[in-house]
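J.: Going line by line, the protein sequences match chains S and U. 1 is the number of the first residue of the first sequence in the working numbering; add one for each residue after it. 1 is the number of the first residue of the second sequence in the working numbering; add one for each residue after it.
Honestly, the hints are just simulated from the structure, not real lab data. Incorrect hints may appear among the rest.
As the list claims (entries may be wrong) - Calculated pairs, DSSO-like style, for lysine-lysine (alpha carbon to alpha carbon, straight line, at most 30 Å):
#1 K397(S) - K166(S)
#2 K12(S) - K3(U)
#3 K50(S) - K2(U)
#4 K95(S) - K3(U)
#5 K370(S) - K462(S)
#6 K179(U) - K166(S)
#7 K166(S) - K5(S)
#8 K2(U) - K328(S)
#9 K55(U) - K50(S)
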Amino acid sequence: MATVKPRTLYDKIWDSHVVVEASGTPSILYIDLHLIHEVTTPQAFTGLRKRGIGVRRPGRTVATADHVTPTISRNVADAGPMAVQQIGQLETNCKEFGIRLYGMGHERRGIVHVIGPALGLTQPGLTIVCGDSHTSTHGAFGALAFGIGTTEVEHVLATQCLLEHKSLNFGVDFDGNLRPGVTAKDMILKLISEIGVAGGTGHVFEFMGTGIDALDMDGRMTICNMSIEAGARAGLIAPDDTTYGYMSGRDFAPSGADWDAAMERWSALHSDPDANYDRTVTIDTGSLQPMISFGTNPAMCAEIGTRVPDPEGISDPAERAQMVAALKYMGLTPGERLLDQQVDVVFIGSCTNSRITDLRAAASIFRDRKVRDGVRALIVPGSQQIRAQAESEGLHKVFTDAGAQWRESGCSMCIGMNGDRLDPGQRSVSTSNRNFEGRQGQNGRTMLASPLTAAAAAITGKVSDPRTLLEN
Amino acid sequence: MKKFEILVSPASCLDRDDIDTDQIIPARFLRTTERTGLGKNLFEDWRFDGSGNPKPDFVLNRPGTADAHVLIGGRNFGCGSSREHAVWSLMDFGVWVVIARSFADIFKKNSLRNGLLPIPVDAANHAACLEAAEAGARFRIDLQAQTVTAAGVSFGFDVDPFARTCLLDGVDDLEYILKHDDRIAEFEKQHS
Numbered sequence: 001m002a003t004v005k006p007r008t009l010y011d012k013i014w015d016s017h018v019v020v021e022a023s024g025t026p027s028i029l030y031i032d033l034h035l036i037h038e039v040t041t042p043q044a045f046t047g048l049r050k051r052g053i054g055v056r057r058p059g060r061t062v063a064t065a066d067h068v069t070p071t072i073s074r075n076v077a078d079a080g081p082m083a084v085q086q087i088g089q090l091e092t093n094c095k096e097f098g099i100r101l102y103g104m105g106h107e108r109r110g111i112v113h114v115i116g117p118a119l120g121l122t123q124p125g126l127t128i129v130c131g132d133s134h135t136s137t138h139g140a141f142g143a144l145a146f147g148i149g150t151t152e153v154e155h156v157l158a159t160q161c162l163l164e165h166k167s168l169n170f171g172v173d174f175d176g177n178l179r180p181g182v183t184a185k186d187m188i189l190k191l192i193s194e195i196g197v198a199g200g201t202g203h204v205f206e207f208m209g210t211g212i213d214a215l216d217m218d219g220r221m222t223i224c225n226m227s228i229e230a231g232a233r234a235g236l237i238a239p240d241d242t243t244y245g246y247m248s249g250r251d252f253a254p255s256g257a258d259w260d261a262a263m264e265r266w267s268a269l270h271s272d273p274d275a276n277y278d279r280t281v282t283i284d285t286g287s288l289q290p291m292i293s294f295g296t297n298p299a300m301c302a303e304i305g306t307r308v309p310d311p312e313g314i315s316d317p318a319e320r321a322q323m324v325a326a327l328k329y330m331g332l333t334p335g336e337r338l339l340d341q342q343v344d345v346v347f348i349g350s351c352t353n354s355r356i357t358d359l360r361a362a363a364s365i366f367r368d369r370k371v372r373d374g375v376r377a378l379i380v381p382g383s384q385q386i387r388a389q390a391e392s393e394g395l396h397k398v399f400t401d402a403g404a405q406w407r408e409s410g411c412s413m414c415i416g417m418n419g420d421r422l423d424p425g426q427r428s429v430s431t432s433n434r435n436f437e438g439r440q441g442q443n444g445r446t447m448l449a450s451p452l453t454a455a456a457a458a459i460t461g462k463v464s465d466p467r468t469l470l471e472n
Numbered sequence: 001m002k003k004f005e006i007l008v009s010p011a012s013c014l015d016r017d018d019i020d021t022d023q024i025i026p027a028r029f030l031r032t033t034e035r036t037g038l039g040k041n042l043f044e045d046w047r048f049d050g051s052g053n054p055k056p057d058f059v060l061n062r063p064g065t066a067d068a069h070v071l072i073g074g075r076n077f078g079c080g081s082s083r084e085h086a087v088w089s090l091m092d093f094g095v096w097v098v099i100a101r102s103f104a105d106i107f108k109k110n111s112l113r114n115g116l117l118p119i120p121v122d123a124a125n126h127a128a129c130l131e132a133a134e135a136g137a138r139f140r141i142d143l144q145a146q147t148v149t150a151a152g153v154s155f156g157f158d159v160d161p162f163a164r165t166c167l168l169d170g171v172d173d174l175e176y177i178l179k180h181d182d183r184i185a186e187f188e189k190q191h192s
């Protein structure tokens, strides 16, 4: 009897989407769901028009506006004329090619990686792409989801397919349960600090273990979201009852007999017991501490109670030079404590940490407290739907009573395209995903952390361990 | 896509690891709806000070840089954001080849889709390239033979064979997918 080779979850999704496989060429892979936004698509539609071809499956592409949208109002003009032009072009393109758009003013508009799952569009076993590197977020549902460039956006629009080489499998075992005050954000920052910003290059992560099992979907999305920050093509988590519980009843999730049929398919979406991973790593989740970044890439982070590292201890000259430059940019001195560093701005938002549980966590710190004088705190929900939900729970009152700013949804200060940005030299504690030089504004200094840690910084005006502010 | 065959050019050295696409083209320049015109903002915040004056010590501000169509980077070149604007910006500035210790996945794909050739190189050849470039050597990049040669430099490099064919022929890979329209239709029929 022929034995069937054990496969990983990634192998299974890949195999079921290969349209053409030939030696010496990349495979043609079918794409189930294509998400688009205003920044990385105008040139793709221009390309289609030049070629005189249409969109192959308009029903498989869904659009929203998020990157350049203002958060101070729902009027796009408040983000400037280039934002008006870019959003206008998105509206024109969607209308011309028959693509559903959650545009300005729509109650379901929001960050593309927040609304896909919230609408029930993101489902286990699908292939999902978007012209945005944080597309890996959708992997939390057991979907193969990855970021693409604009040329590939055009390919998907034209053919519903992409040319892809298969990546390697990288198993990440988060072992143990988190202690209070430690979150999914701390788990993924820890992983990136261990394996580096290129540690996952050429691989697809599969996150597993008791630490993952215990997380809700919002936490799982936070982890998959930052797969790209370790260089991985995508990050996956096998679907389970937590996944199905989240999806049930959402606008585009199947219902009735369709749901039962889907459950039968989804239940096969897990790695076989003896499946082979090209690489594995185990992170002890039970001993994890709150993490915060101190440098200019997401691997430059450490436990919040530690000190700024000394570059002299790094043997590789290129790495040493990089650390020296990073600390200079960040205005930090080797050996000083990460705790108590002064903070000017706190940003709670982004596709990493802007969902309802993130806002509830932040509110647990803000409740009955005041934002420190001189600190600007921005709370930017991931979607208009989450904004409405937070308001129905009274969270917005907690934030505004504390002196924080409660904004409209969007990417906002994660990428600083809409006017929400740091001034030169300002230091932020931010729940976003990138601390690159200038990411949140020219010469701005970003420290990445969880919503709890960011909220604690807003209250104290300095880097603080959130556990000192949590009720026992 | 422009054909790529043989390039002979001096090279600029930007030997830093993990150069992310936010440095190559900061996000505030992504509000364009065009592919062109981004070269003037390439490495904007490394090239210019807050008042828009060129920083004299930055490599791309040195005299003669405009003639250098080869850029030498460090490890994990092009990490971070998927923005294809990074590749458009490099090419608009005149960079057609990047030699680096390694590349981020999405940047590499975006490069090959646009005719910018990413050449991965080991530590010894990387050091030799930097030395030759600093001495003003002209680099000869031969895609057909998959070789890089300059004074004191000679090595072969890997490139995805399919991408190589596309570059040599100046053919867009969308044409290749479109040729399989019947197979895509068949797949859709089976999975509907």
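J.: Now, for every hint given, state plainly whether the structure supports it.
T.: Hint by hint, here is what the structure shows:
For the hint linking K397(S) to K166(S), the alpha-carbon distance of about 48 Å lies beyond 30 Å, and the restraint is violated. Restraint check: the Cα-Cα separation between K12(S) and K3(U) comes to about 37 Å, which exceeds 30 Å; the hinted pair is violated. Annotation: proposed proximity of K50(S) to K2(U) holds, straight-line Cα distance about 17 Å (limit 30 Å). Restraint check for K95(S) and K3(U): not satisfied, since their Cα atoms lie roughly 35 Å apart, outside the 30 Å limit.
Restraint check: the Cα-Cα separation between K370(S) and K462(S) comes to about 14 Å, which is no more than 30 Å; the hinted pair holds. For the hint linking K179(U) to K166(S), the alpha-carbon distance of about 21 Å falls within 30 Å, and the restraint holds. A threshold of 30 Å between alpha carbons decides the hint, and for K166(S) with K5(S) the separation of about 17 Å falls inside it, so the pair holds. Of the pairs offered as hints, the one joining K2(U) and K328(S) is violated, with about 41 Å between alpha carbons and a cut-off of 30 Å exceeded.
With a C-alpha separation of about 39 Å, the suggested pair K55(U) and K50(S) falls outside the 30 Å cut-off, and the hint is violated.
Against the hints set out earlier in the document, violations occur for numbers 1, 2, 4, 8, 9.
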